[in-house]
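Here the protein sequences line up with chains D and Y, keeping their order.
Going by full-length UniProt numbering, the first sequence opens with residue 1, and the numbers climb by one from there.
Going by full-length UniProt numbering, the second sequence opens with residue 1, and the numbers climb by one from there.
Hints are computed from structural coordinates only; laboratory data are not their basis.
Among the hints, erroneous ones may be present.
Where chains are identical, the list cannot tell them apart; a pair therefore holds if satisfied intra-copy or between any two copies.
Derived DSS-like pairs (lysine-lysine); straight-line CA-CA distance at most 25 Å [unchecked claim]:
#: 1; residue 1: K63; residue 2: K374
#: 2; residue 1: K377; residue 2: K63
#: 3; residue 1: K375; residue 2: K63
Number of protein chains: 2
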Amino acid sequence: MTRTEPAGTPLGDQFHLYDTTLRDGAQREGISYSVADKLAVARLLDELGVGYIEGGWPGAMPKDTEFFARAAEGELALRHAVLVAFGSTRRAGVRAEEDSQVRALLDSQAPVVTLVAKSDVRHIERALRVDVAEACAMVEDTVSFLVGEGRRVFLDAEHFFDGYAYDPDTALRVLDAAGSGGADVVVLCDTNGGQLPLGIAETVREVAQRTGLRLGIHCQDDTGCAVGNSIAAVQAGATHVQCTANGYGERAGNADLFAVTGNLVAKLGMEVLPEGGAAELTRVSHALAEIANLAPDTHQAYVGSSAFAHKAGLHASAIKVDPLLYNHIDPALVGNDMRVLVTEMAGKASLELKGRELGLDLAAQPEALSSAVKKVKSMEAQGWSFEAADASLELLLLAETGKAPVEPPFTLESYRVVLDHRAGGEVGSEATVKVHVGGQRVIATAEGNGPVHALDAALRKALSPHLSWLDSVELSDYKVRILAGHPGTDAVTRVLVESSDGEREWTTVGVHANIVEASWLALCDALVHKSLRQ
Amino acid sequence: MTRTEPAGTPLGDQFHLYDTTLRDGAQREGISYSVADKLAVARLLDELGVGYIEGGWPGAMPKDTEFFARAAEGELALRHAVLVAFGSTRRAGVRAEEDSQVRALLDSQAPVVTLVAKSDVRHIERALRVDVAEACAMVEDTVSFLVGEGRRVFLDAEHFFDGYAYDPDTALRVLDAAGSGGADVVVLCDTNGGQLPLGIAETVREVAQRTGLRLGIHCQDDTGCAVGNSIAAVQAGATHVQCTANGYGERAGNADLFAVTGNLVAKLGMEVLPEGGAAELTRVSHALAEIANLAPDTHQAYVGSSAFAHKAGLHASAIKVDPLLYNHIDPALVGNDMRVLVTEMAGKASLELKGRELGLDLAAQPEALSSAVKKVKSMEAQGWSFEAADASLELLLLAETGKAPVEPPFTLESYRVVLDHRAGGEVGSEATVKVHVGGQRVIATAEGNGPVHALDAALRKALSPHLSWLDSVELSDYKVRILAGHPGTDAVTRVLVESSDGEREWTTVGVHANIVEASWLALCDALVHKSLRQ
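In isolation and in its complexed conformation, chain D is listed as follows (with noise of 0.2 Å):
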């Protein structure tokens, strides 16, 4: 079993950053993670270095069994983070041994195992229909024989604010069993969003001072104050505060990690994350919606495109002297930038940087980066969108920099791709390319699963003997995003297409109004760009 302490922050075990979108997040309308998303997911959460992982119900979902099975093989590789598995306490009348959910969680060997437990009495008593004492046993026999097994169990208290304001006694006899059983953490969970952070901070200091157990804080977003409330709980003595990936979750969602974790450390000086961890906050957020087939939320706090974009007017020129006056934060801190809209100044700014990532030094060329911006933005307002997608954006600037490859490795001259659903109800899609490569003219047909599939093998058929290096290049993702703005069947379509040649990974784009197209552009581009690499 590995560790059961997250490692490399300054605060260690003291303050327990916890992600859930795994398992709580992953309750929003609309993702739907598969195994590998969710590996994915952790992956990039250990990067940002938050301190527990919690991975889902294993027992309970056949994915979340396969997640932590192939953790356990050694699928993660976690340098941060804990891994924690979620479960539920015993069935009533039960031994917690004896339990095939609870063997479950010790099967899947997650070294943290966070149980969820009704602390409200009408929950106790109208959902689980057992009584106080009962449920006081489930949560004591369930953590002591984890303990015992082992692992460190965390205790959610499902239902805290409203169980307590209704029947403290029962709420805080939940917390004790918990205690006495073993657990390290008792977590007051606002289950059903309701609370505002003046009640939230005054019920856990009293908590605290009742119980003398360190607790933690799960806020829903149902008043629109998860993150406010989190805080405010921790300004209370909360030391373990639990949230999602942009905020992910059920009805209005929960605590967004960003916002979250953006003021403990901008504003409360926490010292949650590993050194360099806080300057990742805006990529993670953005990787994490990519995979969650989400757009990222441009006005979010701290890592939204907006957060600190700032409408030129008034006091454009007072913002250029002063930006601190006119920011709460240096955007930096959190990985993200200033801009201010309405001038190019910040496109060019931003390019000349992007070009310097890319070994290109546009700013001894100013001509062609005035071109490039404008390239750019004529073509960010067709729908292109080059923030994943490089490659295509160093193609772009090799291009107007006059230093594209004098022979690109193929051109074509046309495709047709036929897609029928004949009367046996049969479905088929064939594509024939002709391309122009090696100083030949090739034809070349190929069946696939569906239009693209079929394009890019008639591609790779046409190409293949002529160039040496296309074997190894592989579709290792393909997204599709309708753009907004452009309803029904007639919006423009933009795709990406990332490519990987086994040791580095390249992202290309296309946009048009036909996405058999839109994916050819970003196909001959993932190509193009790999031959400049030879």
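For this one, chain D is given, so just place chain Y on it according to the hints.
What follows is chain Y alone, placed relative to chain D:
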């Protein structure tokens, strides 16, 4: 001139619900209101029953000048709200009555004027470039001049919280100057949005004690706490709260009017809206998003379409018994609805609840219910997702309960789609469908911008002579999700199609390795569902 106090709320002038969507909200990146938009926004806010509507900055912005002129001519006819003009104090060294910007505020004929003034000594000295005495004189002169002209005046103390923390004496002198001039309310503005709830509450309490003035609050969302900060300020004694619709505003935005109002009404029991107003929150929020040309935030507190949507299979059986144990308020209070999502966690209870929403009594048919659960689970394992596709789920449940239509409106024999990128660079899409409808075999061919558009066009061409209702049906949204875990272009594709007939909207889903076939499945379900409602 019209009245200076809002009409119709039980709290009357004791509490101000103040909206600045038309001024501060319009600072949001991407929002650009026409004068007609501004009038429509003001009418909706008035229907909701807010007390004050800040309409813009007459004199500074031509659109705002026109808006106030048309309002003065009677185009608005506000029933509840009072119109407010926003502007600045006089320039340094000029008499208030001789300052053209101040005169424009009078000319607007708005009965209330909100003046913005700097209250942070650093802004006074570095941006305004006057000394504190002159800054205070600018405030007092301008307020007393406008009050003398029969206006009520509120003062927005810009950057108040930062200024008070840095130099409390200067910040308080500015407030006192406003009070001496005759301002009714001094509004403490967290202009840079860097505050947290407990700190806001402490400062508001302290300032109320030290000044004895009536305090207002204006929060920006840069820490993700604008709503929590606003509510904390009210709990600490502020009796005037400034918000924007859906939190629109510069950077991360402002405090969301709907979440703040929901909290004031449902959590603090304050009657800040006229009778029936709270039940309009959801409708007005969505209508204001439409006018701003922004997609409503599905996960917005109180008013989002997911705000009361439950996914957890765990909870569904309990929710059925006692919905209020799982919702922080009755959704009807804010004009919203509870929804139960059908997901991979779907159990019988949640499917039964869903059936009830759709008017199907599945409890009476336990075998049909069992087989529907099995079918949903097996389809979800292949990538189908019904949580956003009620219409497809309804068709599935109807089929399982034997209530599907004996005759679907049409049957497909075959389709063929041809996409080509010709040698000249031209890209074309053409589809041919062979369908059976109204006892006939119909063949139709159409072109489109892309494969799905062409297929939709061909299908409509084939069917519309036979199905009279077809022309009313529009595709209002089309979403594509490449399911992760199946990398590369041979992935499984899930398509969601939202259709509208001008009265009703419904969503259908299709899943297939071939994106065109997936789209076809969703398109067909959309039409079959419509035909059932005929």
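Checked hints:
1. K63 with K374: This pair counts as between: shortest inter-copy Cα distance 18 Å, intra-copy 47 Å.
2. K377 with K63: between (42 Å within a copy, 14 Å between copies)
3. K375 with K63: Classified as between; 19 Å across copies, 44 Å inside a copy.
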